[in-house]
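There are 4 protein chains.
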Amino acid sequence: MSSATPRAPLRVTVWGEDLHEQRDAEVAKRYPQGMHGAIAEGISEHLGEEALVRTATLREPEHGLTEEVVAETDVLTWWGQLAHREVSDEVVKRVHRRVLAGMGLIVLHSGHLSKIFTRLMGTTCTLRWRSAEDRELIWTTAPSHPIAAGVPHPIVIERQEMYGEFFDIPTPDELIFISSFSGGEVCRSGCTFRRGHGKIFYFGPGDQDYPVYHHPHVRRVIANAVRWAAPDAVHARPRLIHSDTDWFLDGDGDGDGVRE
Amino acid sequence: MSSATPRAPLRVTVWGEDLHEQRDAEVAKRYPQGMHGAIAEGISEHLGEEALVRTATLREPEHGLTEEVVAETDVLTWWGQLAHREVSDEVVKRVHRRVLAGMGLIVLHSGHLSKIFTRLMGTTCTLRWRSAEDRELIWTTAPSHPIAAGVPHPIVIERQEMYGEFFDIPTPDELIFISSFSGGEVCRSGCTFRRGHGKIFYFGPGDQDYPVYHHPHVRRVIANAVRWAAPDAVHARPRLIHSDTDWFLDGDGDGDGVRE
Amino acid sequence: MSSATPRAPLRVTVWGEDLHEQRDAEVAKRYPQGMHGAIAEGISEHLGEEALVRTATLREPEHGLTEEVVAETDVLTWWGQLAHREVSDEVVKRVHRRVLAGMGLIVLHSGHLSKIFTRLMGTTCTLRWRSAEDRELIWTTAPSHPIAAGVPHPIVIERQEMYGEFFDIPTPDELIFISSFSGGEVCRSGCTFRRGHGKIFYFGPGDQDYPVYHHPHVRRVIANAVRWAAPDAVHARPRLIHSDTDWFLDGDGDGDGVRE
Amino acid sequence: MSSATPRAPLRVTVWGEDLHEQRDAEVAKRYPQGMHGAIAEGISEHLGEEALVRTATLREPEHGLTEEVVAETDVLTWWGQLAHREVSDEVVKRVHRRVLAGMGLIVLHSGHLSKIFTRLMGTTCTLRWRSAEDRELIWTTAPSHPIAAGVPHPIVIERQEMYGEFFDIPTPDELIFISSFSGGEVCRSGCTFRRGHGKIFYFGPGDQDYPVYHHPHVRRVIANAVRWAAPDAVHARPRLIHSDTDWFLDGDGDGDGVRE
Chain A
1 MSSATPRAPL RVTVWGEDLH EQRDAEVAKR YPQGMHGAIA EGISEHLGEE ALVRTATLRE
61 PEHGLTEEVV AETDVLTWWG QLAHREVSDE VVKRVHRRVL AGMGLIVLHS GHLSKIFTRL
121 MGTTCTLRWR SAEDRELIWT TAPSHPIAAG VPHPIVIERQ EMYGEFFDIP TPDELIFISS
181 FSGGEVCRSG CTFRRGHGKI FYFGPGDQDY PVYHHPHVRR VIANAVRWAA PDAVHARPRL
241 IHSDTDWFLD GDGDGDGVRE
Chain U
1 MSSATPRAPL RVTVWGEDLH EQRDAEVAKR YPQGMHGAIA EGISEHLGEE ALVRTATLRE
61 PEHGLTEEVV AETDVLTWWG QLAHREVSDE VVKRVHRRVL AGMGLIVLHS GHLSKIFTRL
121 MGTTCTLRWR SAEDRELIWT TAPSHPIAAG VPHPIVIERQ EMYGEFFDIP TPDELIFISS
181 FSGGEVCRSG CTFRRGHGKI FYFGPGDQDY PVYHHPHVRR VIANAVRWAA PDAVHARPRL
241 IHSDTDWFLD GDGDGDGVRE
Chain R
1 MSSATPRAPL RVTVWGEDLH EQRDAEVAKR YPQGMHGAIA EGISEHLGEE ALVRTATLRE
61 PEHGLTEEVV AETDVLTWWG QLAHREVSDE VVKRVHRRVL AGMGLIVLHS GHLSKIFTRL
121 MGTTCTLRWR SAEDRELIWT TAPSHPIAAG VPHPIVIERQ EMYGEFFDIP TPDELIFISS
181 FSGGEVCRSG CTFRRGHGKI FYFGPGDQDY PVYHHPHVRR VIANAVRWAA PDAVHARPRL
241 IHSDTDWFLD GDGDGDGVRE
Chain H
1 MSSATPRAPL RVTVWGEDLH EQRDAEVAKR YPQGMHGAIA EGISEHLGEE ALVRTATLRE
61 PEHGLTEEVV AETDVLTWWG QLAHREVSDE VVKRVHRRVL AGMGLIVLHS GHLSKIFTRL
121 MGTTCTLRWR SAEDRELIWT TAPSHPIAAG VPHPIVIERQ EMYGEFFDIP TPDELIFISS
181 FSGGEVCRSG CTFRRGHGKI FYFGPGDQDY PVYHHPHVRR VIANAVRWAA PDAVHARPRL
241 IHSDTDWFLD GDGDGDGVRE
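Residue numbers (this note's numbering), protein chains in the order written: chain A, 1 to 260; chain U, 1 to 260; chain R, 1 to 260; chain H, 1 to 260.
It is possible that part of the hints are untrue.
[Stated by the list, open to error] Straight-line C-alpha distance at most 25 Å; calculated DMTMM-like pairs for lysine to aspartate or glutamate:
| id | chain 1 | residue 1 | chain 2 | residue 2 |
| --- | --- | --- | --- | --- |
| 1 | A | Lys115 | U | Asp173 |
| 2 | A | Lys93 | U | Asp89 |
| 3 | U | Lys93 | A | Asp89 |
| 4 | R | Lys115 | H | Asp89 |
| 5 | A | Lys93 | U | Glu158 |
| 6 | U | Lys115 | A | Glu72 |
| 7 | A | Lys93 | U | Glu90 |
| 8 | H | Lys115 | R | Asp173 |
| 9 | U | Lys115 | A | Asp173 |
| 10 | H | Lys115 | R | Glu90 |
| 11 | R | Lys115 | H | Asp173 |
| 12 | R | Lys93 | H | Glu86 |
| 13 | R | Lys93 | H | Glu90 |
| 14 | R | Lys115 | H | Glu72 |
| 15 | A | Lys115 | U | Glu90 |
| 16 | A | Lys115 | U | Asp89 |
| 17 | A | Lys115 | U | Glu86 |
| 18 | R | Lys115 | H | Glu90 |
None of these hints come from the bench; they were simulated from the model.
With the sequences and hints as input, model every part of the structure.
In structure tokens:
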């Protein structure tokens, strides 16, 4: 599709746990629309009419992720921390299936321990952490990747929670960012993964105790990632297929037809 | 550790479903000791006193994979096909945890749809298949990898089940073998993955209807993989760790001590 | 940049050796505009006004790749076979530097032995070959990658030169396509590599003796690759940089300024 | 080969530029046997009779790397800084060919700008640097890799030259270590690459101005890497091979014979 061709807007759903914001006045002050609200705002700021952004949260029915919502989502972003266990297995299964069928997924910060991320990764996704006002520096290791477009090297976040290695994830398909913290730790903080037909990006920065989702370069990275993760086409989830010999010779000599 | 130093033998457990062998006279004739028996024999043939090999099967209590057996296993090989769903979730969880703590895992042929493999991969692990006596050619794409040591290029298997792309797995850490089939399909048939502290190898060849586990080069690959997947040390499963600032300055100036 | 925003067209240069076409009446008949002409036509067919496509050939002064032309090229495609050694080292150095600074490079078929490709890969880039009218099937192993968008699985090319493993290249960053041939060989025939700020795609199909560059799906892949390889921004070639302590604290607190 | 089987010792050649040591009394005092002497000592300390270690330096005829020496070397380590340009192209070509034929190569610290490393990588291999007594912390990101065996997490080096991103290398096949520096920079400081039949490891630590090659954990990593990079068999350098149809059916039905 030519970039000059108008196309339907990306349908983005920003999922937030929305518990800190309800319980902690400091967090509510920092994020009056919730962290999900700030994340959604940052995406819209960068993608404009290219994206239709809505939000969903834990306390809504089916966590706001009904069959219909998930089916109408091209890219889902995920932030959770306190209540990973409260997310229903049914919804996780739904999201998992949809990712394998092509939906993009952006997992943010403490979402590393979410059911959906650990299900997709197959590992513990554990890491080392500390909340002690470290300064985080985010260094780009893949400067030609679209997710790194337009941000400085390094991105500086004055105060942040520390997330450090060993971060128990599969080797990323692409390592976009490595963070260092003033305490000396490092973390693979910007990682892509392809699973089934879906594209996944994990991004480390962001915490309820720091105004990270108001940071202009953090917003830029998330918006870049949303655009990168968008599916190029409608896919079915991969499935077991029995094929007779010469199944691909479909009469017109080019094996054309449905991509499996 | 120097190769001249004697070290404790590798403790290998060969797991087999052992259903075809019990139900189908042809399979029983082809594999009088079960497929697991043939696989175990091939490993011992190549590793000799370097390995202590035992077998375990579905119908044994806890599928033969009790806490004790799993704790005493350095490398586990897995073959299943008919009864993936009958493998208890408890045992799968036990094996999964042990892999993340460092146990090697060799997944064979139809094990691609096993609970343990799909749990580790996070994808459907589905593929295209046909049982029509295709000839399989196994081509080495990583000639310096120890798993490919000592086998011809290509390995020729006269009659085989076809497994073809799209094989819905994460991008392998290392792609060792690609197979082609006489019907024209291809498959990434030799793939390594690191998950947690564990090393995993998937190897496509092998089916109850063909004498593949008697093939000398298939046996060589499996034995190579067992040696490659052996853990170098005892690890704990990765876990969430809270670390105070300067935790690694432990008095002797080198940050030594326990590797997390 | 939003896809709704008009942007300057991609500047594409299609380089062809143009010797077979001059020497061999059969090839000239098959490719009246040269292979480079057919490749250029295929790109324009798919990218339309998104791309400005020109061609350059070996016998032109500086092979048509003057400083000016290279500086004005966003993506270069490369086809050569008979005369790799005749390409001047000066031009190769120029193209190499430009790739590291961000120009996309699409290397086609026998370009695998070109000076520019072997210089970028660091290996022999040798492989196994045969010209015996094999049928080639091109299987997609990265279905969510934009280079694979819109083509069948498999792409069928009725008659082709065989290129088979071992293909002595570095492990690709992304393996998009694997080909099989009727003789049984396989080849990693669609591979991406990032080098410096530049994106590179190697694509195996295409030979003077077969009308491969008229094949609609081959054309689609090349056009997809051109769009994928386009740089997102102007970069300088990476260079050695001395940095004083705290160099990134540039006054405005965000480390902004020039991306190195 | 079983680890219980005695095998011929690894033939290791430690190459050093040996200029700082001759010119600078401080360096000579720090490394009385040269840096190459300290590196060789560290390898022998860990590998014992498993390895036969010799050294070679720039000022020797053919830099000590005659055809005979290179042909008898299984693993070569490389340290240079001041005089990369003085290394003859003939010797670089010889080493390059030998790596592609299977010789292991360990590139240390400022060797990142050596002719042999940039030739193998295809990129500028430039990075950011500063010599200001930064503390370096080396974090393991591949804990099950043999190169990381037996070292703490992190390795602490009290005073070091800083090497930081963007480090212009191809994406490593395996990222074993990431370093952080007290100034905040990070670097992919332990990287593996396979090229042809050869295994390559780049390791960042080490400088003439700091006693890094006396550091016990740095020595351990280098010794681990030497063992890992050792070839498993004698290979020919990959070459272009013409193959007739059915070339692999060599009479005994298994396609056996010479691995190409």
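So, going through the hints one by one against the coordinates:
For the proposed pair Lys115 of chain A and Asp173 of chain U, the alpha carbon gap of about 24 Å is at most 25 Å, so the pair holds. Among the hinted pairs, Lys93 of chain A with Asp89 of chain U is consistent with the structure: their alpha-carbon atoms are about 17 Å apart, no more than 25 Å. The suggested pairing of Lys93 of chain U with Asp89 of chain A holds, with an alpha-carbon distance near 17 Å, which does not exceed 25 Å. At roughly 17 Å between alpha-carbon atoms, Lys115 of chain R and Asp89 of chain H fall within 25 Å of each other, so this suggested pair holds.
Between Lys93 of chain A and Glu158 of chain U, the direct Cα distance comes to roughly 41 Å. Violation of the 25 Å bound is thereby established for this hinted pair. Restraint check for Lys115 of chain U and Glu72 of chain A: the C-alpha separation of about 30 Å exceeds 25 Å, so the hint is violated. Restraint check: the Cα-Cα separation between Lys93 of chain A and Glu90 of chain U comes to about 19 Å, which is no more than 25 Å; the hinted pair holds. Simply put, Lys115 of chain H and Asp173 of chain R have alpha-carbon atoms about 24 Å apart, close enough for the 25 Å limit, and the pair holds.
The straight-line distance between the Cα atoms of Lys115 of chain U and Asp173 of chain A is roughly 24 Å, inside the 25 Å bound, and the hint therefore holds. Only pairs whose Cα atoms come within 25 Å are accepted, and Lys115 of chain H paired with Glu90 of chain R is accepted, the gap being roughly 18 Å. At roughly 24 Å between alpha-carbon atoms, Lys115 of chain R and Asp173 of chain H fall within 25 Å of each other, so this suggested pair holds. Of the pairs offered as hints, the one joining Lys93 of chain R and Glu86 of chain H holds, with about 20 Å between alpha carbons and a cut-off of 25 Å not exceeded.
Restraint check for Lys93 of chain R and Glu90 of chain H: satisfied, since their Cα atoms lie roughly 20 Å apart, inside the 25 Å limit. Only pairs whose Cα atoms come within 25 Å are accepted, and Lys115 of chain R paired with Glu72 of chain H is rejected, the gap being roughly 30 Å. Pair hint Lys115 of chain A plus Glu90 of chain U holds up; C-alpha atoms about 18 Å apart against a cutoff of 25 Å. Distance restraint check for Lys115 of chain A and Asp89 of chain U: the Cα-Cα separation of roughly 17 Å lies within the 25 Å cut-off, and the hinted pair is therefore satisfied.
Between Lys115 of chain A and Glu86 of chain U the alpha-carbon distance is near 24 Å, which keeps this suggested pair within the 25 Å criterion. A hinted pair counts as satisfied when its Cα atoms are at most 25 Å apart, and Lys115 of chain R with Glu90 of chain H qualifies at roughly 18 Å.
Checked against the numbered hints given earlier, this structure breaks hints 5, 6 and 14; the rest are met.
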